[in-house]
Structures are given as structure tokens and as C-alpha cells.
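Peer 1: Next come the chains, spelled out residue by residue.
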Amino acid sequence: MSLTLAEKIMSRLAGRTVRADDFIEVGPDWTFSLDDGIGLVDRYFNLYNVQSLAAPEKIAVFYDHFAPADTPQHAHVQRLGRKLCERFGIKQLYDVGEGISHQVSVERGIVRPGQMVTNTDSHTLTVGAVGAVGCGIGVAEMAFLWTYGRLWFMVPPSIRMELRGQLAPGVAAKDLVLSILQRVSARGAQYASVEYHGAALASLGIADRMTLCNMGVEMGAKFATVPGDEITRRHYTALGIDVGDMPQPDPGATYALRHEFDLSSVEPMVSAPHKVDNVHTVRAIGRIAVNQAFLGTCTNGRFEDMAAAAAILKGRRVAAGVRMVVTPASRAVYLRALNEGVLSTLIEAGCTVTTPGCGACAGIHQGVLAAEEVCISSSSRNFLGRMGNREASVYLGSPATVAASAVTGFITDPREFSAA
Amino acid sequence: MQLSGKATVLGDDIDTDVIYPGRYLAVLDPVSQSTHLFESLPGDLRKRVGEGGVIVAGWNFGCGSSREHAVTSMLGAGVRLVVARSFSRIYFRNAINNGLAVVTCPQLVDLVADGDGVEVDLAAGLARCPRGECEFAPLAAPLLAIVSAGGLWASVAANRDTVT
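For the protein sequence lines, the chains are A and B, in the order given.
Going by our numbering, 829 is the number at position 163 of the first sequence; the sequence numbering is gapless.
Going by our numbering, 302 is the number at position 115 of the second sequence; the sequence numbering is gapless.
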């Protein structure tokens, strides 16, 4: 029987062959939660008098959404979480400053190819970049999973995305994923597992693949994954980890849909307010003045993203009247950007650098917008009110587009700078 | 499980930031959460959906974040049923696992106007409103059992004081 990668991974967990639309009760390989959910976990544990956990070794907790705490309430739930981890023997607590769960779990090799990850965060699809599958779930069910070790899941149908060609200079994985969103729409992969394939993957590194998988959720997908290959293996080898055989989808597996994308035809794209699939070329967007440029998040807060922005900002200044906020996705990203001089370039250009984490993305702290303000952001969501103000507007673009726009003060095609 | 109420009709792609803003994630109690429900939308939407108890929406309801506050704040406000053309998967899970009834039924969405009375038999897959009746595929039996019990925890914890 030929299986997709999602079917193969979920079959291993179920202990029998399962296919798309099957209903299973399993314990995923990893069950993560975050500072924005841990207070609720504590509430459920108290309500239902939970005394011990099924598998604390499969749990990690990451403080990324409001770390360090910006309000007494946020400080309180972080404190509850620390006490909870201690009481229940949860050894992996990545506290203030360590970074975003998806980034930390990939860059440290916590998540391995062929694993299934659940996390109380919708962008958990990001871990698909290393041949794993990941999905977001709620907190009530996460607290339940921690307690009982099992939870119901449906096996998703798969959509096969065939990528060919190469991105042109100045065009990034973010532009590619925005192009895909433009074609398939915000509900074009509803409930599906998106599998990326094709010769073009040889030119897309782990950072690019994380961006690609990350925004799968904006198409409605459950999983987005790049089956493990030599690039994946190199990522783990560099960490001193031998991943062995990485599970692959079988030839002849059943796909509900197939799409093909030619990377060479992609150009810099932006998603305009207030829908992620309201995608346009930067060329055609017109003259949009920006007040804030935001570089960071699980979508685009990696070293490669910082370096792409620095390449444009080197020897230039952020325009008067614009503030550029830079939030590294993790401590490791922060440190590498520091050691390689990328941060000096950004700071000299006028950027503000914040603590690693989710930063301004969810409108919680570190770059909330005022009414009528416009932000060009490397994040993944531009919903009404997303960055803390319902009268503000958020445009989504690549790190290079964010940097180019910060320099001119208007949403700008980064290729205008690449010839300089 | 029978549910009825007065419908508030919303559009497509209603996202979790619109339903429940991210800056209130540390609010843990559903009734307190409900004061922030639909905060970014103008008017008295929170009051209307709470009084009517039924939301009727378009495609991709609840897209975006995994925050279950988007479900529990509705429960705290008095919402008991959401009918949509389709649901975003995490919202769907959160609804089931927190005991909020969800019905996927594009035909019913076509029939219902804002303020209409809506009656639903979840197990039978039957819905009724002033402009007519329609059938929908009931939830899978295990999911129906969870919703009927009032959520995942309630479905197993009803008969014991201490878990594990």
C-alpha cells in the first residue's frame, strides 16, 4: 500500500496502516506548549485535579509570545508555568530569551525527520522543513494529551506541490509562499497535508523550507512538509546527530490535489490588509508609506533573513519617520548575527533589536501599532487588529522587501537596491 | 443533542485575531475572556451573539491562531452553536474539545438571514430556519460524544475525582 508522508508517520504512531480521513487516537512524538497557553494548562490541571503526566519527556515548554513579560498578568502565567514544570518533572523549559518554539526545536535538532509534533501554536507546520509533520492544537486538548498521553486526530489527505526552476536574485522563499497563497487561497489546503517536492528544493535551504512550511497554515493546511533529503541530513550532521533513514512518501501515494510552481517566474510579493491571500506584486502595489518595518518571527526571523536585510541596509539608513524593529527568532540566531557583524549593520542603519521571540507579530508587545499606522512585516498574518490596533494596516513581505521599504519609507521592491 | 437560538450572520474568513485579540491571552476564565470577544469589530456584536447564542458564518471560520480563547470566550458570552460553510481545522478541534457545537452546512448558511431563529439536531443532522430545512453530515460519533459531554475533559473526567 502506497502512503503519503503524513499517512506513513501517523501509521507508525497508530501501530497500523492508516489512510487519509481515518480517525485515530495517538500520542504524538512531541507535545509542546508556550507561555501564552501554560496558564490555561495550569487551570485545567487544577480543575481536573491532575496529579501526574503520561510522558513528561515528550513535553517542552517555550516562553516566546511575551518574554520577558510586559504586564503583571503575563509575568503571572509565566510563573505558574515554571512551577508547573517543576512539579510535573518537565525538564525542557526554554525560558525568556531562548526564542520561538519552532525555531529552537529545529535548530537544536529536538525535532527529527519522520516525527509528529503538536504544539499549542498554529505555526507548528514550520517543523515540516526537516521532514517532520507538525500541527497546532488547543490548550484544553494539550493538557489532556499531557495527562492521558493520547488524543484524537484525523489523518489528512495530502496535496502535492511540485516546485521547479530557481528563484531570481532578490526573490525569497517568502515571495514564493505568498505566490502559492495567491494561487491556492487562504482555504486552498484546508485540513490537508501539503507535501513539497521537485528539483527546486535543492536550491532551498532549511531556513527557506521553514518559511515555506510555516505559511502552510495560512492556506488552511494541517501539515506542510519537505520530505527529508541531503540538505536535511546535512542540517543534522552539523549538529552531531545521525538521523538514519528519513521516512519518505511512497511512489504511487494518493494525492487529493497536485499543483506545480515555477520558481523562476516568482517576483517580490506583498500580502495587503487584511487577508493573507490578498497578494500582489510589490511592483504593482503603488506608493504605500510605512511607519514601521518589522523583521522577525517564525516566518522570517532566522540568520539568513537578518543577513538579507543587512545586505540592503549596509551603508544606508532607515528613512526618517520610519522605525525598524528586528526580533531574532532565537538566541542562536541573535548570537550568530552578532558574531558575523549582521547586527552591527542593522543597528548602524537605525534598527532597534529586541529580545528573541515572537516579538510584534501578534500585537502583544515590542512594536504595537497606532491607529492609521502602516507596518511592512516579515511575519505571516495581516488580519484586522493583528498588530494590536484595528485601525492599523499590516503588509506582509520578504525580509529584503521589509529592509528596502524601511530605507525608502514606502513599500519597495528590493531589486531596486540589488544593482547598487 | 438539540440546539436553538437566534442567528448572528458573519462573513468569510473570520479570523482568530478578530474573534479574540492576542493581547488578552493571559485571561484564563471564559466569562472574563468574553469581554474581549469581537473587540475589534464595531458595534455591539459581542452582546448580540451572546443573546442569540448562534453564529452563522461563511468559509474558513476561525482561521489563524490556535488560541482556544476564540472558542471559550464565545462560550463565556453565551454562544452555543456555530454554523459555517467551513471551519479552520484548529478552531474546529477547539470547539469540539471545549463543548461548543459546530455544524458545517453551506445550504443552511444560504438560507439564514441575520436575526433568524435556527434549530439544529446535531445527531440527526437536521437544521431548520424560517426559510426552510436542510440536512448536514453529523459529526463522527466520537466527536459528537465529546461535544455532547461538554468537551474533552468533561467526557472522561465525569466519573472520577483524580486523573492518572
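Keep in mind the hints are simulated off the structure, nothing from the lab.
Some hints could be false.
Some chain A residues flagged as far from chain B (calculated, every beta-carbon gap over 10 Å) [unchecked claim]:
(1) Asp702
(2) Glu723
(3) Ile776
(4) Gly802
(5) Leu867
(6) Arg953
(7) Arg997
Restraint-style ranges between C-beta atoms, simulated for each label pair [what the hints assert, rightly or not]:
(8) B/Lys193 with A/Asn944: 54 to 62 Å
(9) B/Asp297 with A/Ala950: 28 to 36 Å
(10) B/Ala332 with A/Gly755: 29 to 37 Å
(11) B/Asp216 with A/Ala680: 33 to 41 Å
(12) B/Gly198 with A/Ala922: 43 to 51 Å
(13) B/Lys193 with A/Ile1013: 50 to 58 Å
(14) B/Ala327 with A/Thr683: 47 to 55 Å
(15) A/Val762 with B/Arg318: 48 to 56 Å
(16) B/Arg318 with A/Asp761: 38 to 46 Å
(17) B/Pro229 with A/Gly871: 40 to 48 Å
(18) B/Ala311 with A/Thr737: 53 to 61 Å
Positions of the beta carbon are idealized from the N, C-alpha and C atoms, including for glycine.
Peer 1: Could you run down the list of hints and mark each one as holding or not?
Peer 2: So, going through the hints one by one against the coordinates:
| no. | hint | result |
| --- | --- | --- |
| 1 | Asp702 | 4 Å, violated |
| 2 | Glu723 | 15 Å, holds |
| 3 | Ile776 | 19 Å, holds |
| 4 | Gly802 | 4 Å, violated |
| 5 | Leu867 | 26 Å, holds |
| 6 | Arg953 | 27 Å, holds |
| 7 | Arg997 | 23 Å, holds |
| 8 | B/Lys193 with A/Asn944: 54 to 62 Å | 32 Å, violated |
| 9 | B/Asp297 with A/Ala950: 28 to 36 Å | 35 Å, holds |
| 10 | B/Ala332 with A/Gly755: 29 to 37 Å | 32 Å, holds |
| 11 | B/Asp216 with A/Ala680: 33 to 41 Å | 36 Å, holds |
| 12 | B/Gly198 with A/Ala922: 43 to 51 Å | 26 Å, violated |
| 13 | B/Lys193 with A/Ile1013: 50 to 58 Å | 56 Å, holds |
| 14 | B/Ala327 with A/Thr683: 47 to 55 Å | 20 Å, violated |
| 15 | A/Val762 with B/Arg318: 48 to 56 Å | 55 Å, holds |
| 16 | B/Arg318 with A/Asp761: 38 to 46 Å | 55 Å, violated |
| 17 | B/Pro229 with A/Gly871: 40 to 48 Å | 45 Å, holds |
| 18 | B/Ala311 with A/Thr737: 53 to 61 Å | 47 Å, violated |
Going down the numbered hints, you'll see the structure goes against 1, 4, 8, 12, 14, 16 and 18, while the others check out.
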